[in-house]
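Student: Read off the chains here:
There are 2 protein chains.
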Amino acid sequence: MALKDAKAGARNEAGIVLVVEALKHAFGDRFQTGQSFRAQHSHTTSYIPSQLPDGVLFVESSEDVKTVVRLCTAHLVPIVPFGTGSSLEGQVNAPLGGISIDFSRMNRVLEVNAEDLDCTVEPGVTREQLNTHLRDTGLFFPIDPGANASIGGMTSTRASGTNAVRYGTMKENVLAVTVVTAQGEEIRTARRARKSSAGYDLTRLFVGAEGTLGVLTSVTLRLQGIPQKIAGGACAFPSVKAACDAVIMTIQMGIPVARIELLDAVQMRAFRNYSGLSYEEKPTLFLEFHGTDETVALQTAQFSEIAAECGGGEFLWTSNEQERNKLWKARHDAYWSVRALAPDLGILATDVCVPISRLADCVTETQADIEKHGLLAPIVGHAGDGNFHVQLLFDDRSAAGIAVAEDFVARLNARALAMDGTCTGEHGIGQGKMAFLEQELGGAVDLMRQLKHSLDPNNIFNPGKIFRTTSS
Amino acid sequence: MALKDAKAGARNEAGIVLVVEALKHAFGDRFQTGQSFRAQHSHTTSYIPSQLPDGVLFVESSEDVKTVVRLCTAHLVPIVPFGTGSSLEGQVNAPLGGISIDFSRMNRVLEVNAEDLDCTVEPGVTREQLNTHLRDTGLFFPIDPGANASIGGMTSTRASGTNAVRYGTMKENVLAVTVVTAQGEEIRTARRARKSSAGYDLTRLFVGAEGTLGVLTSVTLRLQGIPQKIAGGACAFPSVKAACDAVIMTIQMGIPVARIELLDAVQMRAFRNYSGLSYEEKPTLFLEFHGTDETVALQTAQFSEIAAECGGGEFLWTSNEQERNKLWKARHDAYWSVRALAPDLGILATDVCVPISRLADCVTETQADIEKHGLLAPIVGHAGDGNFHVQLLFDDRSAAGIAVAEDFVARLNARALAMDGTCTGEHGIGQGKMAFLEQELGGAVDLMRQLKHSLDPNNIFNPGKIFRTTSS
Chain A
1 MALKDAKAGA
11 RNEAGIVLVV
21 EALKHAFGDR
31 FQTGQSFRAQ
41 HSHTTSYIPS
51 QLPDGVLFVE
61 SSEDVKTVVR
71 LCTAHLVPIV
81 PFGTGSSLEG
91 QVNAPLGGIS
101 IDFSRMNRVL
111 EVNAEDLDCT
121 VEPGVTREQL
131 NTHLRDTGLF
141 FPIDPGANAS
151 IGGMTSTRAS
161 GTNAVRYGTM
171 KENVLAVTVV
181 TAQGEEIRTA
191 RRARKSSAGY
201 DLTRLFVGAE
211 GTLGVLTSVT
221 LRLQGIPQKI
231 AGGACAFPSV
241 KAACDAVIMT
251 IQMGIPVARI
261 ELLDAVQMRA
271 FRNYSGLSYE
281 EKPTLFLEFH
291 GTDETVALQT
301 AQFSEIAAEC
311 GGGEFLWTSN
321 EQERNKLWKA
331 RHDAYWSVRA
341 LAPDLGILAT
351 DVCVPISRLA
361 DCVTETQADI
371 EKHGLLAPIV
381 GHAGDGNFHV
391 QLLFDDRSAA
401 GIAVAEDFVA
411 RLNARALAMD
421 GTCTGEHGIG
431 QGKMAFLEQE
441 LGGAVDLMRQ
451 LKHSLDPNNI
461 FNPGKIFRTT
471 SS
Chain B
1 MALKDAKAGA
11 RNEAGIVLVV
21 EALKHAFGDR
31 FQTGQSFRAQ
41 HSHTTSYIPS
51 QLPDGVLFVE
61 SSEDVKTVVR
71 LCTAHLVPIV
81 PFGTGSSLEG
91 QVNAPLGGIS
101 IDFSRMNRVL
111 EVNAEDLDCT
121 VEPGVTREQL
131 NTHLRDTGLF
141 FPIDPGANAS
151 IGGMTSTRAS
161 GTNAVRYGTM
171 KENVLAVTVV
181 TAQGEEIRTA
191 RRARKSSAGY
201 DLTRLFVGAE
211 GTLGVLTSVT
221 LRLQGIPQKI
231 AGGACAFPSV
241 KAACDAVIMT
251 IQMGIPVARI
261 ELLDAVQMRA
271 FRNYSGLSYE
281 EKPTLFLEFH
291 GTDETVALQT
301 AQFSEIAAEC
311 GGGEFLWTSN
321 EQERNKLWKA
331 RHDAYWSVRA
341 LAPDLGILAT
351 DVCVPISRLA
361 DCVTETQADI
371 EKHGLLAPIV
381 GHAGDGNFHV
391 QLLFDDRSAA
401 GIAVAEDFVA
411 RLNARALAMD
421 GTCTGEHGIG
431 QGKMAFLEQE
441 LGGAVDLMRQ
451 LKHSLDPNNI
461 FNPGKIFRTT
471 SS
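Chains as they are written, first to last, in the numbering used here: chain A, 1 to 472; chain B, 1 to 472.
Treat the hints with care, since some could be wrong.
Per the computed footprint, the stretches of chain A lying under chain B, defined by three or more beta-carbons under 8 angstroms from a beta-carbon of chain B, are [unchecked claim]:
(1) 115 to 122
(2) 161 to 169
(3) 190 to 196
(4) 253 to 262
(5) 377 to 388
(6) 427 to 435
(7) 455 to 468
If you're looking for bench data, these hints aren't it; they were derived computationally from the structure.
Glycine is no exception: its CB is placed at the ideal position from the N, C-alpha and C atoms.
Bound conformation, chain A alone (with noise of 0.2 angstroms):
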């Protein structure tokens, strides 16, 4: 009976009572019930409206998650893994309640293996922190999407952000992860090696897995040396097909750029206001160049020659640290400095990924929706991945708001589908996308079903996520 009210999508009110109880008594503390601790776990950067889970456990050890995936196991209770709370489709909301699993606490560099560029931390390790860890080893983990996320989000969303044009998305950094499975068992996908071809690559199928497969205890990831040399700036151009060109010449020609982001007149404006750069309001890249002294002036002057030739102004780069700091501030704050567009509205984050020669078309007729629509819409695009961002402004609190959202949202997905793109380059699906994952997959949604009911056979993990389940 609860087993089936959990798979038909139902609360089961008889297992979270006992659950919660049993927690209670298990973690003291460290499970709490509380109406502030429970909406500030579901509460994100997300546009959907908050579920909120039943409980919050801070999870100290593995032993310590092994424990509450038994015990909601034995239970049909839901688990929804929480790292910062800063994933944007909905991934921390529980839709049947059930039990937050904060990582806040599990949040130890386990091991840093400077000869082999690689470290192991919990998952509850934010990007920063690591970063900071890292500093005198002169290794970085490269991996940037913006917020201060845990390396646990960052492994379940697939996230990638301002580097990977260059290094790579979680995906590749990935080496291995641990992972309690629904049998409530701690299991290691890989070892430290950094190729294999030992069975499956069980290690890519828990990389954006959004939490729906098992509970990461641990998570390996492959590390970079701290360039010599860093570079960057910006450059304006007279339309965003002119910078979509430079980017695909930078790309072709293998400059290894290290970031190359572009920004819409309307974001420029935002930037403006917010951040107080003084670029001009036209469609800009922001660039970075990692590399030794000659490396990185060959590949400043090869860009320049390259934003010549399409018609863009001067390429304006500098080593100087603050300086660059605050282009990159700028391009982080690109959420508030949206938000400060117009205070009184909500804001729906929202990303697709097209073929890099499809860009500019993506783009360009995305901007014109956006003005035949009559809305407020800045655009920041990971251009060399050829993924972009859309940060739609509108009126959250009445119906009538969230039905121009939802139809723009909808149009840009099909537009970007019809492309041969995907509707999430870095977001994730979440509860915002399941639809926009139909449509772009078709059958093979369906294999991802088989997987899930095959690794978690009750439905106990972060239902209601990435695909509806079956029923059966």
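Got chain A; can you put chain B on it based on the hints?
Tutor: Relative to the frame of chain A, chain B by itself:
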């Protein structure tokens, strides 16, 4: 009854008879059951004895694949995909008989998107065929496992080879695949965007699955721009340790070396004999650098300094294509050069991969093992990845000789696993490494079994590979 037999690991004679008759009827002489065809399709460079399929179907389209999968599903008959037969761990053997699907006629390059640096090919396209096709586009496909393998086979074993240190393995270079599932339906795992976080990473699940989860019908690959300048050369070292130190420094400094191959002194002797290379019989690195005139000059100068610091000899490099080709032709012919050392012995080609900090230890201890047991077994390694191959010459016609070889492989794998390495960097598990996979990943192999059971409940896809399935 047939179901039980197929699952329990016995030949399903009745089903095989039915499928063979049906395929003869449906495909005429595209389906062959003669001894020579059957023998050829299980005869590989593996040391594992051949196990013949009952017939060989030369497929020409996805529709052909669907037809044979549906037929084999209906009658519970095994399917063994066959590319070029260059796999090394018995991947194309048919221990329970069944149908070999030969992809040599499904070898069309379906699409090249030069601006996006990607292409889509049928599984039977070989590496060399693809690069010949691409020649006029200025692009190339970098993965090079030595053999002129098929893209389908390379995908299925997660191949990598000499260029992986710079360009990654098949894991990083496959964007999407189409697959015929056990239900006989064709699905596509991803769109053509360069990154995505749209649901589970089905692409990576099929990369390296060795044909056990479905049958590939196309592969979408990332391509690279042909470098303006390529330079390569060789550098001898006083010891394996010194050579490995040079490799570690090269990787740590972020020098984007395109190939960095370790050859031990015995292998260098084999090259002198077979390929007429005149280098000394000392531990040696073969290197290649890709870039522009300027970056290649910088990289070779940096490496020369590192080599000198590690006690290496002069680094002799050239950008002359003929001279470079002689070097890499020798490297590609390593298997044949070893065979020529003792033409009357069998050869067991095996690989392991360890964190690069342990590569020198692992190679040196393996050399000591070889010497202690009076064996002849040259070593070549993709040193930048920590991956190395041992080619053991052994008496494959006596039980005692085979036992000596098996004991050696067991010690080699135990050594690599004790160093947090993997039992295979690029050859895959096949039939040869099932026991080592269990040692390496323990409980994680049960997850693989669950995944296999969910996608292939009747165990028709390449049964008897990677792990033993449960008889449940």
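Student: Compare the structure with each hint and give your call.
Tutor: So, going through the hints one by one against the coordinates:
1. 115 to 122: As far as the stretch 115 to 122 of chain A goes, the hint holds, because 4 residues have Cβ atoms under 8 angstroms from chain B.
2. 161 to 169: holds (count 3)
3. 190 to 196: With 7 residues in contact (Cβ-Cβ under 8 angstroms with chain B), the coverage given for the stretch 190 to 196 of chain A holds.
4. 253 to 262: As far as the stretch 253 to 262 of chain A goes, the hint holds, because 3 residues have Cβ atoms under 8 angstroms from chain B.
5. 377 to 388: holds (count 3)
6. 427 to 435: Holds: 4 residues of the stretch 427 to 435 of chain A have a Cβ under 8 angstroms from chain B.
7. 455 to 468: Coverage by chain B holds here, the residue count being 3 at a Cβ distance below 8 angstroms.
Consistency with the previously given hints is maintained throughout, with no hint failing.
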